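Participant: Sequences are here, hints too, so could you generate the full structure?
There are 4 protein chains.
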Amino acid sequence: MSSKGTVVLAYSGGLDTSCILVWLKEQGYDVITYLANIGQDEDFEAARKKAESLGAKKVFIDDLRSEFVEEFIWPSVQANAMYEDRYLLGTSIARPCIARRQVQIARQEGAQFVSHGATGKGNDQIRFELTCYALYPEVKIIAPWRIPEFYNRFRGRKDLMEYAESHAPSDLYLMTKNPEDAPNTPDELEIEFKKGVPVKVTHLKEGKTKDTPLDIFCYLNEVGGKHGIGRIDIVENRFIGMKSRGIYETPGGTILYHAHLDIETFTMDREVRRIKQGLGIKFSELLYNGFWYSPECEFVRHCIDKSQENVEGKVQLSVFKGHVYILGRESPSSLYNEELVSMDVQGDYDPCDASGFIRINAVRLREHHRLQGEAQLKQ
Amino acid sequence: MSSKGTVVLAYSGGLDTSCILVWLKEQGYDVITYLANIGQDEDFEAARKKAESLGAKKVFIDDLRSEFVEEFIWPSVQANAMYEDRYLLGTSIARPCIARRQVQIARQEGAQFVSHGATGKGNDQIRFELTCYALYPEVKIIAPWRIPEFYNRFRGRKDLMEYAESHAPSDLYLMTKNPEDAPNTPDELEIEFKKGVPVKVTHLKEGKTKDTPLDIFCYLNEVGGKHGIGRIDIVENRFIGMKSRGIYETPGGTILYHAHLDIETFTMDREVRRIKQGLGIKFSELLYNGFWYSPECEFVRHCIDKSQENVEGKVQLSVFKGHVYILGRESPSSLYNEELVSMDVQGDYDPCDASGFIRINAVRLREHHRLQGEAQLKQ
Amino acid sequence: MSSKGTVVLAYSGGLDTSCILVWLKEQGYDVITYLANIGQDEDFEAARKKAESLGAKKVFIDDLRSEFVEEFIWPSVQANAMYEDRYLLGTSIARPCIARRQVQIARQEGAQFVSHGATGKGNDQIRFELTCYALYPEVKIIAPWRIPEFYNRFRGRKDLMEYAESHAPSDLYLMTKNPEDAPNTPDELEIEFKKGVPVKVTHLKEGKTKDTPLDIFCYLNEVGGKHGIGRIDIVENRFIGMKSRGIYETPGGTILYHAHLDIETFTMDREVRRIKQGLGIKFSELLYNGFWYSPECEFVRHCIDKSQENVEGKVQLSVFKGHVYILGRESPSSLYNEELVSMDVQGDYDPCDASGFIRINAVRLREHHRLQGEAQLKQ
Amino acid sequence: MSSKGTVVLAYSGGLDTSCILVWLKEQGYDVITYLANIGQDEDFEAARKKAESLGAKKVFIDDLRSEFVEEFIWPSVQANAMYEDRYLLGTSIARPCIARRQVQIARQEGAQFVSHGATGKGNDQIRFELTCYALYPEVKIIAPWRIPEFYNRFRGRKDLMEYAESHAPSDLYLMTKNPEDAPNTPDELEIEFKKGVPVKVTHLKEGKTKDTPLDIFCYLNEVGGKHGIGRIDIVENRFIGMKSRGIYETPGGTILYHAHLDIETFTMDREVRRIKQGLGIKFSELLYNGFWYSPECEFVRHCIDKSQENVEGKVQLSVFKGHVYILGRESPSSLYNEELVSMDVQGDYDPCDASGFIRINAVRLREHHRLQGEAQLKQ
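Chains E, X, D and R are the protein sequences, given in the same order. Just add 22 to wherever you are in the first sequence, counting from 1, and you've got this note's numbering. Just add 22 to wherever you are in the second sequence, counting from 1, and you've got this note's numbering. Just add 22 to wherever you are in the third sequence, counting from 1, and you've got this note's numbering. Just add 22 to wherever you are in the fourth sequence, counting from 1, and you've got this note's numbering.
Treat the hints loosely; a few may be bogus.
Said to hold, decoys possible - Covered stretches of chain R, as calculated for chain X (at least 3 residues, CB under 8 Å): (1) 238-246; (2) 301-315; (3) 374-387.
To be verified - Pairs of lysine to aspartate or glutamate, EDC-like flavour, derived with a Cα cap of 20 Å: (4) K162/R with D85/D; (5) K199/D with E202/R; (6) K199/R with E202/D; (7) K227/R with E202/D; (8) K162/X with E389/E; (9) K227/D with E202/R; (10) K328/D with E331/X; (11) K248/X with E202/E; (12) K162/E with D370/R; (13) K71/D with D85/D; (14) K162/D with D372/X; (15) K162/D with D370/R; (16) K162/X with D372/D.
None of these hints come from the bench; they were simulated from the model. Here the structure is a predicted model, which means the values were calculated and not measured. We put the beta carbon where it would ideally sit given N, CA and C, even for glycine.
Facilitator: This is how it looks when you write it as structure tokens:
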């Protein structure tokens, strides 16, 4: 049988995508597997061997960790990205990074098809495929979990895994300790930011420092994980319109969220921040829904990045039993003016101005009251 | 000397407003003092005696605790009110409650003047006065800390207090234990909501319950305080355009924030929530800036209240070493449909629809790419 | 052959839906046709006869004009609904009204299916079907223009019609005169509003009045049409992600838009208006995209309606050669206070307050400048 | 008497600022007058002589027309700037341009003071002074119309002028013809845009072209004025919280607003446009309130400018009897894809995808209905 063409399969090494690999071959495709290393705990060589043994024509295992941190996580830190006020979007951020490389491989290998193991009710299928369509518009996507002949055959197996996943949440946490079992003394860190991204982290007692993006991120995951930082159990709204339960752990991301928020408020003008807050919410929705590679997300990222020009300085914080405490901050570009705000020093500020400020702000309120009063009199 | 008129002074019993009391009398006013009980730790009878001994013509000490919780805190819980992503607005919420009663006293006692001890660089003067102007447009406000002859005379004393306040943060926490000293075992609570406000709290192990607004709020403050919940050290943007450092503790408010956020996401449609999120941010700014009694804040409160119609159910959570953990939730009006979201059951959902959904969402992205591609070819 | 079931077809009387009627019967369905009168120029009896002659089992012709104006157009007037700053959403507003009745018929007649003649690239299919799914979740929808066996067979015919439609824009205008041919003297109207909706229109010279919703709307269409009001030629963004050209005429809607905007700004607090403006933009997008019957649109409509409580008064305007000119307005609940704003009368307003207001607003700007200046010095 | 210092007075040549000039000298200041030419109809030499004869120490008359158009009007065109859905902000845009130069003169001449003739209830005082404080934080501002000794003395005169101004609206229009008296045949223009700003205007019949910013703007004012374009009579909300009546004419600005809106929608991605629309509303408020020189306005301008990168092409339009009609548009970077949107060509678009798109969008609506239905059953 002549080949239907070449498909680049996002391969995890697990049972699920192994079934897909075999099935795709059965259907007559040449299959190239691709496994991205974005920092997960994985035996990559075992996965390579498994893919080869199952008939992969070619196997790609790519270390995307640095680009993942620098090009995807850092902009999310700048944005204070958070979906529905709680979810730090860890998984969502990884998808466009993984899919971008997959598309590069497909183009380079002349493959017309890409495939993945995401299910038909989830967000990941969307994040994955929108990235593919955006970067490789002519690509054809094979999503076996949406193809009846596939899912009717393998559903039993999938059910089992899903069941295991959804009924064993305590085992779901891989990076974080249970806060109750975390150390009884906090660790204190100092994170230095430039243009809204961390450039250095220092363990204040041990003096240990990290100063490359990947090292910083890994170290924060490590310290945060040790203290049980960043576990959440939430119900969230999927893009396809369902609510689903999610259990997440984002130790490093949680620390960075708090630290960045602090240095940002310290250095950014109030009104710029307010506009940027709205852009950050928009960015979070786009990211969650899979629109990283969209004109609007590119636009929003540009604007957010612009807002970060003066977001620099150092934040001291402690992590302890699942919580992040901001201890202090300093910045060469701080807009915090101790003299201005102090009661001791009057300086250039005339408190009498406040009377005028308040009275002018009250003009509208008094007019409103006048009208309401008249309305009541008429009744 | 004939009286210049009657002034109702917001009196705390402390040195600061005692000075104002005496000064106002010196200036020729009859002074009525008014002290609101909104739950602070205060010797109200001592304050009464002090006011009388300093020459107050009349002394009002009013218990506003229930109306504070029901009319001011509850709407803020519904709104997930949070200023600049961190501050739960405790002080801000109290001001319109306190000032409303002061204005009622002024009207009832025929006083044309009201006075307060808020400083000339802060937010409280604004919150206080906008409320007064909104509810009693003809009122005349005496703000001694903005009157040169007063503040030049008393500044030394003020400096001292301010100094004490700003250089002794560890003593600032009155309600919350240091998380490091908090109990080594969590407390687990269940909070029941109806229309977005708590109607009952249950201590899951002890079986203790509270079911009036005031009792619920006090109990959450107590349990939260015991576990060091809700301490923050932030820099915030004041309405007058300065950045200032704030150290706050909001144990009960923090628990309610997390619990309400959880039950709201569980029961509210995604898109309603998104619109309501914007309204909540607006509400928080209005509240912070002192516009509780404004047409726009009334409008926003109405809209938010409307959004809460189906926000009911029970949230289980644990409090431990400064952190709130959501454990689970249940609701008769949940939009979470376990069957719909499950992989086991396909039900009415056809995964093939997702392909169309994704492809239509990609139409715009592919067009964008086409244009970008053309632009690149031209270069 | 036993029937596959009953389908309620939205029938226009034209060639297009007549083909669908016949094709549905060929496929084995019993077909009930339904034609809504929402004010279009149509020979309804001819349509009835045609449907019957083509084998419709039952024919519904329903006059929805009053409910269309009162329940759909009026809320859009309250919202100042406008898509992408230009399009007054005429067609979009009609869809949920038409589909709601279709679903009522389907339920009442025990039909499991509904069908329509909207094409597969347009917005109307979405508006139509989202309404059906929202109000009759179990319904099955037959959209022949998305079914290959149908559209491959009939495409030729469709092409012809589409071609005619898109290449003959001058004939597209049915209600409005060419402004160049419009009368050389304006007509002056007065529209009276209560709670944000028109309750009376008066022709100022002729003294003619209309005071039921349907009469008001028809009369404004008539007068507006005579003066060539409300023609636009735009490119718009469809929900499915394409840009398309649209040529619209909305004479009555355009007059109402301008009149309502005027009375609203006259009577509504500035900040309420600002929040409501955002809600109106949201409403317009929802309406355009077909989400009239969605929780978020219901929520937004409720909020907008609330904002209109005091929007009452009379607006005088003239229509002339395609343009609407606002001449004046009056209102019992106006927030316009001639005394307050006048230079002649100082009244309660102290101009000195403005100095304080401005200086406090400048605090932040001066701080920003200070920092920028320092940054420049360092360079 | 030794001089109190030097003040740079924004001088109009009229009675009003002439009084201020004399009064400032009386108060002991050296007065430098400054008159900006931003295109108004004025006898600048007469103004110079008058200022000199009244004792101005120095007289500046600066032609700011080009920088006004390029640096202030063009960004407003990019933003589709419009205050409260109607006002094109002509006056507001001019203030920061005028005040910037005034501050430059003050710095260059070593003047510590600036002064102006704006009244104490208006917006212009704020626009003027915020610009001054932002660019010259140490400056001292003398606003005579807010100084009792000045305004009590001159109020009579002011009243007269104000009276004249507010009771003679028909004379207020200086640039535009009454539409009823406008030509009976339209003029057709083509405006070419690059990066969201006009680079060329062509009179289609006469073949006349203009291609510098100032020429383009003047020409559009001329042609628009001839056809009575851009007159409005509105009630607006001032920053100080009052409503006031405003009568404006903006012929060139109105034409540019419509033309830019058209080319923008034609070339900009839908979702980018939506975000940019919000930024444009924000920009308009900032501009109206006098915050051109603020960190947030600089940020917003940057973002809007970024959004305009591909906004290029030509718009054809006609102006006739007070109305602007868009006739057509073309662009090398159009996102309008005739093939994609056409019914004739199916191309890459599969109409079946729309079914999935709609059904997935309906998931949430059906869930909502399910819950509402259950709620009703319980009642």
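Participant: Run every hint past the structure and note whether it holds.
Facilitator: Each hint tested on the structure:
no. : hint               : verdict
1   : 238-246            : violated (count 0)
2   : 301-315            : violated (count 0)
3   : 374-387            : holds (count 11)
4   : K162/R with D85/D  : 70 Å, violated
5   : K199/D with E202/R : 18 Å, holds
6   : K199/R with E202/D : 18 Å, holds
7   : K227/R with E202/D : 18 Å, holds
8   : K162/X with E389/E : 16 Å, holds
9   : K227/D with E202/R : 18 Å, holds
10  : K328/D with E331/X : 16 Å, holds
11  : K248/X with E202/E : 16 Å, holds
12  : K162/E with D370/R : 12 Å, holds
13  : K71/D with D85/D   : 17 Å, holds
14  : K162/D with D372/X : 13 Å, holds
15  : K162/D with D370/R : 27 Å, violated
16  : K162/X with D372/D : 13 Å, holds
In summary, the structure is inconsistent with hints 1, 2, 4, 15 from the numbered list given earlier, while agreeing with the others.
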